[in-house]
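Using the hints, position chain B against chain A.
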Amino acid sequence: MSFVLLIFLPLLAALFVPLLFKKVGKIHTGWFVLMVPVALFSYYVSLLPTTIHGGNLVSEFQWIPSLDIAFIAYIDGLSLLFTLLITGIGALVVLYSIFYLDKHREQLHNFYVYLLMFMTAMLGIVQSDHLITLYLFWELTSISSFLLIGYWYTRDRSRFGALKSMMITVFGGLMMLGGFVLLSIMGGTYSIRELIPQATELVSHDFFIWALVLVLFGAFTKSAQFPFYIWLPDAMEAPTPVSAYLHSATMVKAGLYLVARLTPIFAISGTWMWLVASVGLFTMFWGSFFALKQKDLKGILAFSTVSQLGLIMSLLGASAAGYHIDNIAETTFKYAGFAAIFHLINHAVFKGSLFMIAGIVDHETGTRDIRKLGGLMSLMPISFTVAMIGAFSMAGLPPFGGFLSKEMFLTAMLSLTEFDLFSMDVWGILFPVVAWLGSVFTFIYSFYFVFHTFAGEHKPDQLPKPAHEAPIGMLISPVFLALLVVVIFFIPNLIGDWLVKPAVLAMQPFLYDSPEEIKIHVSAWHGFNPEFFMTLGIFAIGFLMFWTLRKWQKSYDLFPEAISLNALYDNMVFLSDTGANRFSRIYMTGFIRSYLVYMFSFVIFIVLGTLFLTDAFAIDFTNLAPVGFYEIVILIALVGSTFTILFSKSRLTGIIALGAVGYSIALLFVIFRAPDLALTQLVIETISVALFLLAFYHLPQISRKEERMRFRFGNALVAIGVGVTVTLVALSSLSQKAMPSISEFYKETVYKEAGGGNIVNVILVDYRGFDTLFEIAVLAITGIGIITMIKLRLTKKEDQHENK
Amino acid sequence: MRTNDVMLQTATKVVTFIILMFAVHIFFAGHYTPGGGFVGGLLTTSAIVLLMLSFDISTVKKILPINYVTMTAIGLLIALATASGAIIFDVPFFTHAFGYFDLPLFGKTSLHSAMLFDAGVYLVVVGVTMTIIQTIGEDE
Numbered sequence: 001m002s003f004v005l006l007i008f009l010p011l012l013a014a015l016f017v018p019l020l021f022k023k024v025g026k027i028h029t030g031w032f033v034l035m036v037p038v039a040l041f042s043y044y045v046s047l048l049p050t051t052i053h054g055g056n057l058v059s060e061f062q063w064i065p066s067l068d069i070a071f072i073a074y075i076d077g078l079s080l081l082f083t084l085l086i087t088g089i090g091a092l093v094v095l096y097s098i099f100y101l102d103k104h105r106e107q108l109h110n111f112y113v114y115l116l117m118f119m120t121a122m123l124g125i126v127q128s129d130h131l132i133t134l135y136l137f138w139e140l141t142s143i144s145s146f147l148l149i150g151y152w153y154t155r156d157r158s159r160f161g162a163l164k165s166m167m168i169t170v171f172g173g174l175m176m177l178g179g180f181v182l183l184s185i186m187g188g189t190y191s192i193r194e195l196i197p198q199a200t201e202l203v204s205h206d207f208f209i210w211a212l213v214l215v216l217f218g219a220f221t222k223s224a225q226f227p228f229y230i231w232l233p234d235a236m237e238a239p240t241p242v243s244a245y246l247h248s249a250t251m252v253k254a255g256l257y258l259v260a261r262l263t264p265i266f267a268i269s270g271t272w273m274w275l276v277a278s279v280g281l282f283t284m285f286w287g288s289f290f291a292l293k294q295k296d297l298k299g300i301l302a303f304s305t306v307s308q309l310g311l312i313m314s315l316l317g318a319s320a321a322g323y324h325i326d327n328i329a330e331t332t333f334k335y336a337g338f339a340a341i342f343h344l345i346n347h348a349v350f351k352g353s354l355f356m357i358a359g360i361v362d363h364e365t366g367t368r369d370i371r372k373l374g375g376l377m378s379l380m381p382i383s384f385t386v387a388m389i390g391a392f393s394m395a396g397l398p399p400f401g402g403f404l405s406k407e408m409f410l411t412a413m414l415s416l417t418e419f420d421l422f423s424m425d426v427w428g429i430l431f432p433v434v435a436w437l438g439s440v441f442t443f444i445y446s447f448y449f450v451f452h453t454f455a456g457e458h459k460p461d462q463l464p465k466p467a468h469e470a471p472i473g474m475l476i477s478p479v480f481l482a483l484l485v486v487v488i489f490f491i492p493n494l495i496g497d498w499l500v501k502p503a504v505l506a507m508q509p510f511l512y513d514s515p516e517e518i519k520i521h522v523s524a525w526h527g528f529n530p531e532f533f534m535t536l537g538i539f540a541i542g543f544l545m546f547w548t549l550r551k552w553q554k555s556y557d558l559f560p561e562a563i564s565l566n567a568l569y570d571n572m573v574f575l576s577d578t579g580a581n582r583f584s585r586i587y588m589t590g591f592i593r594s595y596l597v598y599m600f601s602f603v604i605f606i607v608l609g610t611l612f613l614t615d616a617f618a619i620d621f622t623n624l625a626p627v628g629f630y631e632i633v634i635l636i637a638l639v640g641s642t643f644t645i646l647f648s649k650s651r652l653t654g655i656i657a658l659g660a661v662g663y664s665i666a667l668l669f670v671i672f673r674a675p676d677l678a679l680t681q682l683v684i685e686t687i688s689v690a691l692f693l694l695a696f697y698h699l700p701q702i703s704r705k706e707e708r709m710r711f712r713f714g715n716a717l718v719a720i721g722v723g724v725t726v727t728l729v730a731l732s733s734l735s736q737k738a739m740p741s742i743s744e745f746y747k748e749t750v751y752k753e754a755g756g757g758n759i760v761n762v763i764l765v766d767y768r769g770f771d772t773l774f775e776i777a778v779l780a781i782t783g784i785g786i787i788t789m790i791k792l793r794l795t796k797k798e799d800q801h802e803n804k
Numbered sequence: 001m002r003t004n005d006v007m008l009q010t011a012t013k014v015v016t017f018i019i020l021m022f023a024v025h026i027f028f029a030g031h032y033t034p035g036g037g038f039v040g041g042l043l044t045t046s047a048i049v050l051l052m053l054s055f056d057i058s059t060v061k062k063i064l065p066i067n068y069v070t071m072t073a074i075g076l077l078i079a080l081a082t083a084s085g086a087i088i089f090d091v092p093f094f095t096h097a098f099g100y101f102d103l104p105l106f107g108k109t110s111l112h113s114a115m116l117f118d119a120g121v122y123l124v125v126v127g128v129t130m131t132i133i134q135t136i137g138e139d140e
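In order, the protein sequences belong to chains A and B. So the first sequence is numbered by the UniProt record's numbering: it starts at 1 and just counts up by one. So the second sequence is numbered by the UniProt record's numbering: it starts at 1 and just counts up by one.
So that you can see chain B by itself, here it is in the shape it has in the complex:
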């Protein structure tokens, strides 16, 4: 039995994208302004959860056919690889590198290896929260 939720569904279609855009922004901005992988991941999750609430789990699964367990694993590997990458350059484990580059379209941009580590955190957060929500949600 589903009640009429046209309003919610229509709003969700728009809001989800806004949240996702915000999540991406906050993730990239994280190193200089509030944000980062953890919050970015949580925001992404909340966008997906919103989708799940207004539609249902199987529909969302069709839209986003992602295996969240694999995503978690990839995130962990990225984080570990970033941290151990330092060893190749003969500096202690977890030493980050950063610099400023002139990129086309973006102009002067700071690139930071911590961003890669943060990307790992982001993936793990999304992966784990979604795994938990999906398993509990699917459980009859």
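Next comes chain A alone, as it looks inside the complex:
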């Protein structure tokens, strides 16, 4: 079965959503939408047996064969893992949204259309083997997340957040496209599968390092790494189901996926390892540090997501080291890749549940401000339990899934210090130190999130709504996820064998041949080693600092807003806005004559310049046909009417003379046997003169003074220049025949291949059908533009009358 088409299933379903919303108003549209991820999830689960043993599946669908661009769905352990996350968490999020979004007040058709569009985009990213289609889906996630974040588009903050996330991620995406193009130039293919075996040759290429950095721009912007993370907190303006889905489980993970997927290509370079590991680790620390500054529940989660993404990123970077050590220290580095994928699963599960809890708290109390919340424990016992499980997993406490992957993270960071390549022996010590610090802050903000919301003093007078437990439907998804968190702790090796190891195999094919070779056994108790004491330290210091949080939290206010990254972004946007305005005000005078001067001088510059550079001045008067009587007559008429335009005192004379010019040219076409052109020219002239006459009434009155045309030297120069340029081009093109005329080609093929006798028409509808299609589109846009211009002016006038 060609499962590549399944990627488009959500998009196809999206077509029916508006219809269902309008016609079947009684049932929440979400129930229909829910079927899509559930169906996809059950199908993809059935592919698990193939990947468990390291197998893979490929399905292809041609898109642009002439450019060798195709949709190639490639399913191996890594893409299947992500596919299951997308569809599985997707199903839970849709279920949650059914209870979260009111079917009477919300524009559900928009919401679900965007969500399904997003689902297709994500599936496309993780399954595409072709880099160009991967890029296509990549930008589709940017666009659909823009629409989702700006879903409540009447709010200023939503629009701001949506725009910010799109600006940053699309910027990264464009950089990444450059990287992809470089990769294809080096490797001669766009297929990731075909690029991987070439890695050893690619690395010596000059472009390699450029491709590496450009691709990382894409991955870092999408996965909110420092310093691009600033869009993620603002993206929290989206409805909570969107945050739970996009900003914890899927979209932000696209960058991680890309890094994991391309690791076999780039890992050979030490730069890759250094960049990915250090940026990731710094992001982890930065995010966890600033999470404690936040006052908004979703703000805390946003920063914690930034931090956790950094953690996974740093592990992916460390796993690249596996490329450089064949047999030394074998026990340590293979952990990094395993830990990265394992923590990724853990994070998707616990962060999804935490976001849902934040949404529930918001929904049931009317606020997300942590200063107003408190003491909800007894009022919302189920939510509290779920929040506690999720947060403890995030903090790395047993018996929750996060504990296991956090331990492996510390192991991997410690092992980096033993590595004596790429100056790791000098700077390597920083890795465990920063990782430890970050973990301490992670511990504190996890506790901050739970206990400042659910414990402490209840302040009912500060809450917009009296708090109570959420309806049962809203709790299903977070409770389920919380259960998963616990289950993962008790059966980590099952998850490891089924999901993690096949994914690691895809990431480190140079180390293993099959998932069975990855001999990693996860155990909760791993002896008295440095990791264990580090964890004890995290718990002790973290608890102490959480206890005294109120005393030192105020010190965050010392960080000035004015020099933050956000301020930098705001200033950049502001400057580019006003800068562009100022610049365009200089040359946009509002007079057509100025614009014509720009355009014509440019034409002269470009065309004459090209002629000059290519040394194309060749004027040859041999082989010319004799000039006949009619040609001379028409030429005289042409020149005469042109001069009439120049010296006419009234507009009417000018328009009629212009018409005469057009008709004379049409006659020339007749003489030179171009009936098509003549016909079109004649009709065009007729209609445009008619249009002129119609518009004549509306032209502003020109005073008698201005009617007398003054001679302008500059304009004359430009006019003469254009004339000379066109004449030169005509003369040189006539006398130079470097290649045979293309008309021969048309004469031969038109009848045979396109079944037409009229070359002009066949070119228009067949050979250059795209041109025509876009031209009529432009034409249509022009028509609409004129309508709005004139009709809008009319309504304005009417308004003025009413105001009087």
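Honestly, the hints are just simulated from the structure, not real lab data. One thing to keep in mind: the hints can contain errors.
Stated by the list, open to error - A partial selection of chain B residues facing chain A, derived with a Cβ cut-off under 10 Å:
#  : residue
1  : T10
2  : L50
3  : L53
4  : Y68
5  : T82
6  : Y100
7  : V125
8  : T129
9  : M130
10 : T135
What the hints assert, rightly or not - Simulated pairs of lysine-lysine, DSS-like, Cα-Cα distance not exceeding 25 Å:
#  : chain 1 : residue 1 : chain 2 : residue 2
11 : A       : K459      : A       : K554
12 : A       : K295      : A       : K23
13 : B       : K62       : A       : K747
14 : B       : K108      : A       : K752
15 : A       : K791      : B       : K62
Stated by the list, open to error - Facing chain A, a subset of chain B residues (Cβ under 10 Å, in silico):
#  : residue
16 : H31
17 : V49
18 : G99
19 : G107
Note that CB positions come from ideal geometry on N, CA and C, so glycine has one too.
Same frame as chain A, now just chain B:
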């Protein structure tokens, strides 16, 4: 104030039909002899413009109650649908098909999917030019 234009109006009544017939002919003949959707559309427009000049816009609107914006949209859709229709037959976008058929009344005729595309062009050209002329003409 309208001057006496009986001559113009009488002539228009006849000429308009001739132009329209010519436009239709030129549109259908386009693939083999000079013509096609673009010129055909322009000629049709000129016929309608002639009507507008000799009578007036509101009369012409009564005779031809056409929403030209919708016409433009339909034209664009036809053109796009013709181009994408190729995908259904598993050939690249914009591949045209043609063949010869024996039709009653016409005899041996060549039918070409490019004609459908051209029909889209025709509709867009008429739609847009008429939209522009009508909006400018109606603007007081």
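Results of checking the hints against the structure:
1. T10: 20 Å, violated
2. L50: 9 Å, holds
3. L53: Cβ of B/L53 sits 7 Å from chain A, so the hint holds.
4. Y68: 8 Å, holds
5. T82: Since chain A brings a Cβ to about 9 Å from B/T82, closer than 10 Å, the hint holds.
6. Y100: 9 Å, holds
7. V125: 7 Å, holds
8. T129: Where the cut-off is 10 Å and the nearest Cβ of chain A is about 6 Å from B/T129, the hint holds.
9. M130: 9 Å, holds
10. T135: 5 Å, holds
11. A/K459 x A/K554: Holds. A/K459 to A/K554 sits at ~21 Å (cutoff 25 Å).
12. A/K295 x A/K23: 42 Å, violated
13. B/K62 x A/K747: 47 Å, violated
14. B/K108 x A/K752: Since the Cα atoms of B/K108 and A/K752 sit roughly 18 Å apart, the hinted pair holds (cutoff 25 Å).
15. A/K791 x B/K62: With Cα atoms ~21 Å apart, A/K791 and B/K62 stay inside 25 Å; holds.
16. H31: 4 Å, holds
17. V49: Given a least distance of 5 Å, the restraint on B/V49 holds.
18. G99: This hint holds: B/G99 lies near chain A, its Cβ roughly 8 Å from the closest one there, short of 10 Å.
19. G107: 17 Å, violated
Checked against the numbered hints given earlier, this structure breaks hints 1, 12, 13 and 19; the rest are met.
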